[in-house]
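**Q** Residue numbering for the sequence shown follows the working numbering, starting at 30 and increasing by one per position.
Just so you know, the hints here were simulated from the structure itself, not pulled from any lab data.
Accuracy of the hints is not assured; some may be wrong.
[What the hints assert, rightly or not] So the derived label-pair ranges between C-beta atoms look like this:
(1) His57 / Arg31: 27 to 35 Å
(2) His57 / Asp37: 25 to 33 Å
(3) His57 / Ala140: 28 to 36 Å
(4) Asp37 / Ala140: 12 to 20 Å
(5) Trp33 / Ala140: 20 to 28 Å
(6) Thr147 / Trp33: 22 to 30 Å
(7) Gly34 / Gly60: 30 to 38 Å
(8) Met136 / Arg73: 34 to 42 Å
(9) Ser150 / Glu38: 28 to 36 Å
(10) Val151 / Arg31: 18 to 26 Å
(11) Ser152 / Glu41: 30 to 38 Å
(12) Gly72 / Val151: 27 to 35 Å
(13) Val151 / Val40: 32 to 40 Å
(14) Thr149 / Arg31: 14 to 22 Å
By construction, the Cβ of each residue, glycine as well, lies at the ideal position given by its N, Cα and C atoms.
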Amino acid sequence: MRSWGEPDERVETAALVVTELVANAVEHTAGRRIRCRLLRTSGRVRVCVWNRGRLHSPGLPGPRDPERPSAPEVGPYGAEGPGPVALDGAEDGFSLASVGEDGRGLMLVDALATRWGTRTSVSGRLVWADV
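Given these sequences and hints, build the entire structure.
**A** Right under this line is the structure:
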């Protein structure tokens with residue numbers, strides 16, 4: 030990405046997103062093949078991670094669409110979901126311990142990427158993120 034002339038901040042963000050998406054692919058695939066590809070377009074880089082075969086992974090959080098506000102889902106945790114809980118007596122702190130270990134990486138991808146999403150087929154799963 031540096032040879033493409035991408036700014037250091039985007040390179041570092043992409044490296045973190047690649048790490049999280051590949052780690053998820055390793056954890057959630059039954060296959061042995063994982064591919065990572067970076068696609069460069071004007072003003073952004075798309076990180077694509079594909080894995081062959083898949084395990085059933087219920088409850089993975091879905092991507093947000095910044096262009097389309099949606100009504101919050103109401104589930105067993107209410108409209109807010111099982112997200113961070115404010116610490117008692119803390120001015121602006123949250124307890125990471127209040128969030129389950131699964132899904133933290135996708136929360137990070139969601140915060141860093143301008144958009145991200147998934148596609149699942151018979152042959153595997155593709156997860157992509159624009160940075």
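**Q** Checking each numbered hint in turn, tell me which of them this model violates, lowest number first.
**A** Structure breaks hints 3, 8, 10 and 14.
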